[in-house]
Structure formats: structure tokens, C-alpha cells
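Given only the sequences and the hints, what does the whole structure look like? Please build it.
Quick note, the sequences are listed as chains L and A, same order.
This note's numbering puts the first sequence at residues 1 to 156.
This note's numbering puts the second sequence at residues 1 to 763.
Source of the hints: derived by calculation from the structure; they are not laboratory data.
A hint or two may mislead.
If the Cβ cut is set under 8 angstroms, some of the chain A residues that face chain L in the computed set are [said to hold, decoys possible]:
1. Asn6
2. Arg10
3. Phe16
4. Tyr23
5. Cys194
6. Gly245
7. Gly488
8. Leu647
9. Ile648
10. Gly655
11. Ala686
12. Ala690
13. Leu693
Between beta-carbon pairs, the in silico distance windows are [said to hold, decoys possible]:
14. Arg68(L) to Ile678(A): 35 to 41 angstroms
15. His121(L) to Pro709(A): 24 to 30 angstroms
16. Pro18(L) to Gly149(A): 53 to 59 angstroms
17. Gly443(A) to Asp119(L): 27 to 33 angstroms
Facing chain A, according to a computed beta carbon distance under 10 angstroms, are these residues of chain L, among others [to be verified]:
18. Thr20
19. Tyr24
20. Gly37
21. Gln96
22. Glu120
23. Glu128
24. Cys132
Just so you know, even glycine gets a beta-carbon here, dropped at the ideal spot from N, CA and C.
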Amino acid sequence: MKVEVGVNGVAYERDVEPRTLLVYFLRKLGLTGTNVGCDTTSCGACTVLLDGESVKSCTVLAVQVDGRSITTIEGLADGEELHPMQRAFREHHGLQCGYCTPGMVMAAVSLVAENPDLDEHQVREGLEGNLCRCTGYHNIVAAVLDAAQSSREGAW
Amino acid sequence: MSILGNRVLRKEDQKFLTTGGTYVEDVPLEGAVHIVYVRSPMAHARIRSIETSEALESPGVVAVFTAQDIDLDPMPPGAPFANRAMTRPWLADGVVRFVGDMVAAVVADTRERAVDGAELVFVDYETLTPVVDASTAADNPTLVHEDAGTNVVLRLPDDFVSAGIEQVAAEVDLFEGCDVVIRQRMVNQRVAPCPLEVRASAAKWEDGHLTQWSTTQAPHSVKDTLVQLFELQPDQVRVIAPDVGGGFGAKIGGYPEELFVAWVSRRIDRPARWVETRSESMMTLGHGRGQIQEAELGGTRDGKLLGYKLTITQDAGAYPNFGAFLPVMTRLMLTGVYDITKTEFSSCSVATNTNPTVAYRGAGRPEATAAIERMVDIFADEIGMDPAELRRKNLIGKECFPFTTAVGTTYDIGDYEQALDRVLEAAGYAELREEQRQRRDSGDTKQMGIGLSTYVEVTNGIPGSEFGAVEVLADGKARVRTGTSPHGQGHVTAWAMLVADQLGIPVEDVEVIHGDTDEVPRGVGTFGSKSLQSGGVAVHQAAERVVEKAKKLVADLLEANPNDIELDKENRRFHVAGTPSVTKSWAELVEASGDAGLSAEVDFAAPGPTFPFGAHIVVAEVDTETGHVSLERIIAVDDAGRLMNPLIAEGQVHGGLAQGVAQALMEEMCYDDQGNPITANLADYAFVSAAELPSFETHPMETPTPINPLGAKGIGESGTIGSTPAVQNAVVDALSHLGVRHVDMPTTPIRVWSAIKEAKGDR
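Put into C-alpha cells, the structure is as follows:
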């Protein structure tokens, strides 16, 4: 089946098997930043933005995004300039092995975009669907709160 | 001023945050086929037949292999002293021994077509009775390995005595002089390590040379295995661990699934790749823990602990791996931070029809700490003493180090009482107890538990050397080669800091190469909290040698005495003391050094392990009507000696704490009585998320070890070792006034609720 989709601002037109999941579609475009960490929509490593909102790309068929727009971790920074969320993850040591990181960052971007005025509890609840085995989430939560602060200050 | 001890941001992060890392699945490999393993759905069965013809006709399928195609010897057990008859065939040879055992390998041009092909392999099984319960496995007439004649893999101390490693201890009256002896059976449950990246492996042969990509913590050891397996010369094998998405001990060894990729690639003469699914990983990546502990602790009514006995049944799973060896590690740390002079230990590791157990964050030491810390709490409850007070009375004093315990382990250095004092103060212990008293008095349905643990653990516990090399490049930048194999631990930053500290070359100009056996001649890898104190020290010493060499060169060039040469690290230039105007830069020295270059290699072997310690307090709220536990606070004092980068060290503690909470509160890898795994995906397995955790209150303490020149100990596993019993103790502490004495991990709502009901019924 034919899929036309914008990914990180670039238009793609591809023929796909109907069963192709969005995450594998993206990875076949060479965008391997989006990872697959489970097979039950539990871990969130594959989180990307679909028309600006976070989705787990392992649970979306490629054909479902026809005519829509996707942002992956590769498309988040503005050239060399890191997105405030990326910067906050770095400054707070919010990543270790890096495997959950692209999905975690994209989920966090969407979470803060939805509600920049969120507290620690809301960050923890909001990221429940994104699993990390390395950080114990402490620094991830700190990073997201910091980025949310910068968003409220108009830095986004 | 030295850069060491500063919160330097990680060099690694940029790529992970912008393009993502390059994991094995991401490595481009032109023309690679994909392998999918057909796995046993039965825990124990005889294979009557395997029908592969339909699979072979499936579109894209290139080959299907079964045991009859294999020309490799079975894999020996992966644990020292394990029963040698318990070997593992590459693909099941007549019998399957756990759900997930590999039966056939389907090779196709794409992953999807390999999955389709695997669906068309039909295996006829004749069911055998499975051995599932480890506690009765030793006496179970059903044998996991018939050839072995027993389900016993390794028995302590018996097997060590017969190997001549130790003498039989003289008979002692273990509990002589004790007013009180308490007994408790505890299950340190089987858990799934769950690195976020599952296993993956890829292989390519060119002119008899094998390149293998592996998501491993120890690429050099994978290389050694491949060299032996295919009877090759060492220079014919290159193993690359690209970015590795976590390991936690479960990715130390080379698994058959990974190594077999090289066999397939050679056989069909095409590059090959295997990437498992998470469900596959939950079933077949080694599990952790899996100990049943019977403990007895004796002492006086005024709180002097005198005798301790621990008897362990260790579940090794179907094919003994490092899990079978865990009791040896548990025994090393038997009495923890306490001066208990009489001990008795025995263990029996058994084979069962379950997934093999391996090392998992702490590997035998969390089990030791869980046992003694739970027992100390029960003892305190029994004699009506505050658990902090009982601990204080029995801690090994800071003046006693080096201290050799009753089991013969020599601790390097410690100040356990200070750690306890600090955590009590940081927590506001007295106020917490007061609040607890008020809630108890008011009969609140939400009770408060305060859980303590004071721990010591062993890091770099398995002696050996680690490789480190430093080279200054023509442009004045530096390159490090390390035998450690980081997968989240931040060595690229930390090792660059060690070089910057000595050479003055800034962190951003120091490249760190790891995880490639062609680029790094020797290496052990990253596990057992050993990297900084072995590989880090090697880098540190190599950097020192480079500076010495440079000074000699400068002395020659400036016709001065090498002892008079100084390195101005700020400006990265050498000069003769007293004449700072005439200088030589690193780049100039590299040029002057000619073909010899300016580099040094060190294989550093520490004279012994180190023993990080600490004290944790967990404050939990337990809903006595539902059994739900919520964690209010986790306060951790951890002493890993001198910290090179507190930012990274804290990160290690955080992750450790979360995994401790996970085991204590939520996670368990469960099998039903037929040996079917029933928590074999991330929807069923209670992987801890951000929502179950509070932010952590960490308080570093730095008691440098005399064991190595950096004064550093390991920090990777401490958080888990300390926090697991602190959480469990908090849960029980919340309920102790109701008559609850013990709740096994994971302390799930149903278990907590049942314990309360049972305690009430008893009264």
C-alpha cells in the first residue's frame, strides 16, 4: 500500500506491506533513533510525535499515518541547537545507556506541550508509559521539570 | 585544580539525544539474512519429530537448521564447579528443558519472512514432567539432565572441600550463649533484568575472518569463545560491542543465540543478524536472583548478635550458568556490616526446567544483604529494640579495618556507624518514629513503615587485570583505549577526565575507544562494579606514564634534568622549573618523539576487591485495607570511596535504588506449576515505572580505599544492594505492630493484605 507522510519536515512516499508498523517504517527510512523495546506497547522506546502529539510508533500502522506528519528524535533539534528538552536531559544526566532516551524525550516534549504547568507527580504519572532501566527516573523527572520551567518562560 | 570530583556533563549524550545510539540492530549490514529461533512451548519434553519442509518453502526462507545440522560441541556449564554433565546443545537435541529452549533456527531474507517461516516449523513433543520448584528439585526423581544423574549443580561447602579449596570448619556450637534464636524462610525471588535493549547479534565472514557485533558487557570474552568455538586464531575474530542498551549483568556471557549467528553466517555464506523480541527476551535472557533462604540468627536480649546460619537453595534453571555460582558470592558477604563471630553456610544450586539464572545487578550480594538485614530487623522486633540501635551495637568498628569476617572475607575499609548516623540524621529518624507512633495510636488505615538497611558489598570481586592505554596524537589531542565496555556507565566521560587530570588535555579533546577487540588488544569488560577501580586505574596510570615519558623528552630537548620538568596543565605546555617562558606543547612533543610516539599501556591488577558500604532508609505508607504500598521517601548514604564524577556516580545510585524498589515491591518472574512463564512480556511483568518511585535523597560519603591509587570503589550495584532490604523492611515495619513478622518479596498488595489478615487471625 502507498503511504505519503512527512517525517521531520521531509516528504516521503513509500509502498509498504499493510502489516508494517510505523516504527519499522521509520527505521527503514534510516531513522534508527527510534527504538523498539517491547512488543506490548509498554516501554515507550518507540515514542514519536504524530501531528505534534506523542504516540507509540509500535502500535500505529504505517498506513495509518498517510497524509500526516511525524517528528522523531532526529528532527527535534533546530540544526545544531538542541531542543530545550534535549538540553535538559543532558544537563540533568537524564540518560545512561541511551536506549529509552529518544522515546522518553519525545514523550516528555508532548507532555510539557500539553501542560507546561505540571508538577513532579504529574511528570511521573505522565511518563508512566515510558520505561527506563538505568536512571531510576530521578534525573529524567528533574530534566522534564526544568524543561517545563523553560517552556513557561517562553524558551520553547 | 583537578577536574576529578567535578560534575562534568557526559560526552556520550549528544548522539543519544539527537540521532539515537547505534545498537546492533542499527548497524548497517548489506545483504544480511535474519534469524528467528523456533522455541519450545513446553518446559520439559522429548522431541518426537521436527517438520521443516513447509517452512523451507515459505517465501524468503533461506534455510532451517535443527540439532542434526550442528557440528559444534555442546556448551559447557557457564559456572565454575558446576556439574559438567549439564551441557547445553546449540539447538535442542532430543529433549527441551525450558519454555524458550531453542529447537530450530529459521533463516530468511527479512525478519518478517523469518517470523512467517518459523510459524511453519512443526514440532511434535512428548510431554515430560517438569521440575519447576527449586526447593524440592534436589530430591526430585525427575531429572532435568538425565546424563547428570542428579539435579544438583553445585553444593557448598561440599564441592569446595572436595576440590581442596577449603577445609571443613571445626564443629562449633553456633548459638551458644544466645538468649534468642530466630528463624525465617525467605524467598529472594527470580526477577528479569530487563535491559531496555534486548539481545541482538550480527555476524559477517570475510576471507576466513569473522566480525561479530554483539550487545554485550564483555566483548573480549565473546571473542575468546568464538575463537575456541570455530578453532580460529585470535586475529581472525573481531568482536564489536557498539552502543549497548543496558546489561545489568545479564549481558556478560555470550548466549548460544548470539554465538550461533556466526555459525549460520558461515554456513550460508551471508551476513546474518538476530534480534530478539521482548517476549523472547523475558523468557530466555538470563534471569536474576532465585534463592530460597533459610536463616537463623542468635544473640542476647541486650542486642549482641552471636551466631548466624544461612542455608540456600539456588535455582540455576535448565542450563547452569553464573546463577549456579551466586551462593558463592552470597557467602562472601554473609554477615554484612556486623561483627558476628560464628557462622554456618551451606547451599545447593539445582537445575530446574526454567530459564537459566545469571548475574543481575549485585549477583549474590543483594541476596546476602537481604537475608541478614531482614533477620536483624526480625531480631530487633523479637527483643523489642529499635532496629537502628541493634544495628549500631553490632557494626564492625571503623578502627577494625582491614577486617576479616567469620567467613574469611577481608573488607578494605569502612565507617559503617558514620553512614548509619548520617542516614538517621538526613531522614529525621526520631521524628519519623514519632509520626509512626501517632499513626499506630490513632489506628490509621494508612500505616507508616520505616525501613533501614546498613550494607557492605564487594566490588571487583573476581580478581584480574584490566587494560588501559593513552596516546597523545599529532594534533595534541589524546586517545584512550580501554578494556572496559560501558553500556550506560559514562566511561567515555570519566576516562577522559582521568586523562585531562594528568595531561591537562581537555575532556572534549580526549577520545575514548572501547568495545572493539581490533581496537583494544585486551579487555575484561564492565560488570561487578569493577570498571573504575580496574580499567579506570589503568587509564590513570597510563596517563601518568605518558607524562613521565613526555618529561624525559622535554628534558632531552631542553637539555635539563627530567626531574626539573613541569607540566603546566592549564596551558598544556611543559617547561623547566623556573623558566616558564621556554615551553613545549603536546603536539611538539609528539612530533619530536618520532616513530616511538607518545603513549603508554597499562594492565592494572588491583591487589584485591573493595567493599563499598552505606545505609539506606525507606519511608513507606501501607494501606492496611488494600495492602497497597507507596514509597514516600528513599534516603541513601553510599560510600564508594573517592568519586571521580559525582553526577555519574549519583546516576548509578539512582538506577540501583529503582531496581531495589522494583524487586522489593513489584517484580517477579513467575512460572506456573507446568513451567510456563506467566510474566513473559512487559505488560505482565511489573517493570517499575516513574509513577511508583519518589525522588531520591542521596548523600554521598567518601572513604577512599587503600586498594588502588584513585581511592575508588564500585558504585554500580550499591544502590540495589542497600535499597532492596530497606524497602522490604519498611513494609514489614509498617505492619509489625499488627503482628506481621515477615512478608516475602515482592511485597505486592495481595501479599501485604494477606499477611495482615493472617496476623489478625492469629490473634
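Results for each hint:
1. Asn6: violated, 13 angstroms
2. Arg10: Since chain L brings a Cβ to about 7 angstroms from Arg10(A), closer than 8 angstroms, the hint holds.
3. Phe16: Since the shortest Cβ distance to chain L is 3 angstroms, the answer is holds.
4. Tyr23: Nearest chain L Cβ about 7 angstroms off; hint holds.
5. Cys194: holds, 6 angstroms
6. Gly245: At about 3 angstroms, which falls below the 8 angstroms cut-off, the nearest Cβ of chain L leaves the hint on Gly245(A) intact, so it holds.
7. Gly488: holds, 3 angstroms
8. Leu647: This hint holds: Leu647(A) lies near chain L, its Cβ roughly 5 angstroms from the closest one there, short of 8 angstroms.
9. Ile648: holds, 7 angstroms
10. Gly655: This hint holds: Gly655(A) lies near chain L, its Cβ roughly 5 angstroms from the closest one there, short of 8 angstroms.
11. Ala686: Violated, because the Cβ-Cβ distance from Ala686(A) to chain L comes to roughly 11 angstroms (cut-off 8 angstroms).
12. Ala690: It holds, given that the least Cβ distance between Ala690(A) and chain L is near 4 angstroms, below 8 angstroms.
13. Leu693: Because about 6 angstroms separates Leu693(A) from the closest Cβ in chain L, which is inside the 8 angstroms limit, the hint holds.
14. Arg68(L) to Ile678(A): 35 to 41 angstroms: Holds, since Arg68(L) and Ile678(A) (Cβ atoms, about 38 angstroms apart) stay within the stated range.
15. His121(L) to Pro709(A): 24 to 30 angstroms: violated, 45 angstroms
16. Pro18(L) to Gly149(A): 53 to 59 angstroms: holds, 54 angstroms
17. Gly443(A) to Asp119(L): 27 to 33 angstroms: Hint holds: Cβ distance 31 angstroms, inside 27 to 33 angstroms.
18. Thr20: holds, 8 angstroms
19. Tyr24: At 9 angstroms from the nearest chain A Cβ, Tyr24(L) passes the 10 angstroms test, so the hint holds.
20. Gly37: holds, 5 angstroms
21. Gln96: holds, 3 angstroms
22. Glu120: holds, 7 angstroms
23. Glu128: holds, 4 angstroms
24. Cys132: Nearest chain A Cβ about 7 angstroms off; hint holds.
Hints 1, 11, 15 from the list above are not met by this structure, while the remaining hints are.
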